[in-house]
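Protein chains: 2
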Amino acid sequence: MIIINPDAGVMLFQFSPEIISSRIKETLASDNDEVNQIINYIVENSGKMIRPRLVMLSSAFYSSDSIIVRDVAVAIELIHMASLVHDDIIDRSLLRRGKQSVNGMWGNQVSVLTGDYLFAAAFQLINGYGLQDIMATVTETIRIMCTGEIKQMSMAHNLDITEEEYLDKTFGKTACLFAASCRAGALASSMPVQEVGHIEDFGLYLGYAYQIMDDVLDFVSDSLRLGKPVGNDLVQGNITLPVIYALRKPGVGPWLHKTIEKRSFDEANLQKINKILIDCGAIKYAVNRSHQFLLQGLDNLHILPPGSARNQLEELARFLMDDYFNKLKLGGEKGNQEAID
Amino acid sequence: MIIINPDAGVMLFQFSPEIISSRIKETLASDNDEVNQIINYIVENSGKMIRPRLVMLSSAFYSSDSIIVRDVAVAIELIHMASLVHDDIIDRSLLRRGKQSVNGMWGNQVSVLTGDYLFAAAFQLINGYGLQDIMATVTETIRIMCTGEIKQMSMAHNLDITEEEYLDKTFGKTACLFAASCRAGALASSMPVQEVGHIEDFGLYLGYAYQIMDDVLDFVSDSLRLGKPVGNDLVQGNITLPVIYALRKPGVGPWLHKTIEKRSFDEANLQKINKILIDCGAIKYAVNRSHQFLLQGLDNLHILPPGSARNQLEELARFLMDDYFNKLKLGGEKGNQEAID
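Order-wise, the sequence lines are chains A and B. Per the numbering used here, residue 1 is the first one in the first sequence, and the count goes up by one each step. Per the numbering used here, residue 1 is the first one in the second sequence, and the count goes up by one each step.
Don't read these hints as lab results, they were simulated from the structure.
Using 20 Å as the maximum straight-line C-alpha spacing, the simulated SDA-like pairs for lysine to any residue come out as follows:
1) A/K151 - B/N108
2) B/K262 - B/I244
3) B/K151 - A/N108
4) A/K151 - B/N32
5) A/K151 - B/Q109
6) B/K151 - A/N36
7) B/K151 - A/Q109
8) B/K327 - B/N232
9) A/K48 - A/I19
10) B/K151 - A/S30
11) B/K272 - B/H157
12) B/K48 - B/S16
13) B/K284 - B/D233
Whenever a hint applies, use it, and build me the whole structure from the sequences.
Written out as structure tokens, the structure is:
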């Protein structure tokens, strides 16, 4: 259902993660050696830089100042980094992308301060250019992310969570910053205001699609590829879409409900849960929902002027989803292929 | 040496903490009940609101928009609140001003997010008026506060700390935000640029004076007045000015060094340390240093145009120091009076 394009990724070579990384290091440089050491560690272990890519491509429909766009992209990545550093305290995660997290390496205290430092540096960068509308976008986004996460914490282990509440959670967790990245890029260019809403919605729906696949992968990938234990979300009390779907299935729902309620997450039960999610169609349902969001995002993108920026954003979206799709197919468990075909 | 003015405080009645508190609540209002509950708890347990007072009085030398000034004062208080909420995670403090801290009530996770939410709200407020120079001041201040605290953590329990390093630590901890408060107030008014540096320096030196007294009080007040255990700084590994002074005194230094190094902080030793700090002149020395900073602050203030704003800032400074001085005199230990006379 998601077609893997063998050329995906080719177009992305125009984006240089090194430019973002080196500017991040430059921006964060401090006269304190320990701070610099922490910063280097985070930058060297950074991810796919999806959000800076979204910023830069979203700015490319119309004219813009490339230095400003780069720095807005850097600021958005800093905000993402700050939220990850703080998330690892919240989730008590000692691993991030298969390596030790900042709190794994330096403890909670340093993590709190490092996150604050990254936030302040991001705002400082945006403020340097007097970009008031971009600042308004990112500050509001951070408020949404924080309140969303506080709400999520009060919903942890809650088996009555609806799909709507799950999507609300997904908005705060991922979709709102994807949307803000696209909006910030557009605002850094001369894009007409009526088009900004569409690029923002493209980011929003891509964010939903991306997070749903991330949640699916938590079950059906293997821990090596994932960089964290399989079923980790469930163990942490984070009830995601496949589980919400399966809990409402008559045949398997009651057992699943009881097992999660008792938090009986031994290896055998986690494997059984995995099998249930595949067999009852929960994985397929979630992958479908993700795909629907992707299409909704692309619909918004297609309203925007055709050309290189639009093509590359589409490539990026498909590349991200294909990357997840590949992980799903190659995941440790047999039957994944069957579940998603 | 610090004259207690019986009228101190009278002039301060023009400042209404309720205006700040209610605006804080308005600014932070969320559609999430739990967030609102946390916010109300923090606001109801807020302190003396020194920083918003500094903002408002610093703006009063020249013309300004009272709504903007109020909101800048609110933003500065939000930043202070955010840093306290995060500090309580860092210090693992379950108490704040004699009541449960946010992490005492809701845990580290909620505290991280609440602090981030407060920071974002502060930036949003300043950005709403497009106050680029004030934003630059506060973002830079937060960076200094964070790097200062990371540095402080690596210096914890370090008995070789010099007075200069202590003052450096004090700058990041308190003085830089006092300075930023005065600067922000001035920038929100039409104060000529050459005068802004003086009001900023007034805040800076007042901050040093204030923090030194706070550190002194940690030893010679009683825990009821302080709202935290006596000698708490020392137990946490925070080596402050009286201890730095006493460590270098031949008669008492070696015993103090050994005791702190072994972290033998039973009740008897804490009382003995208290007595040593009084007897060897360490408390007196620190109070004197604090007073010197206060005078240095006032020297800067006296360069500014005379009138109500200047008088009230002077009153505020003296009131704050007198308040500390009273606590010192009334503290649980006999001999405090003697130590500071």
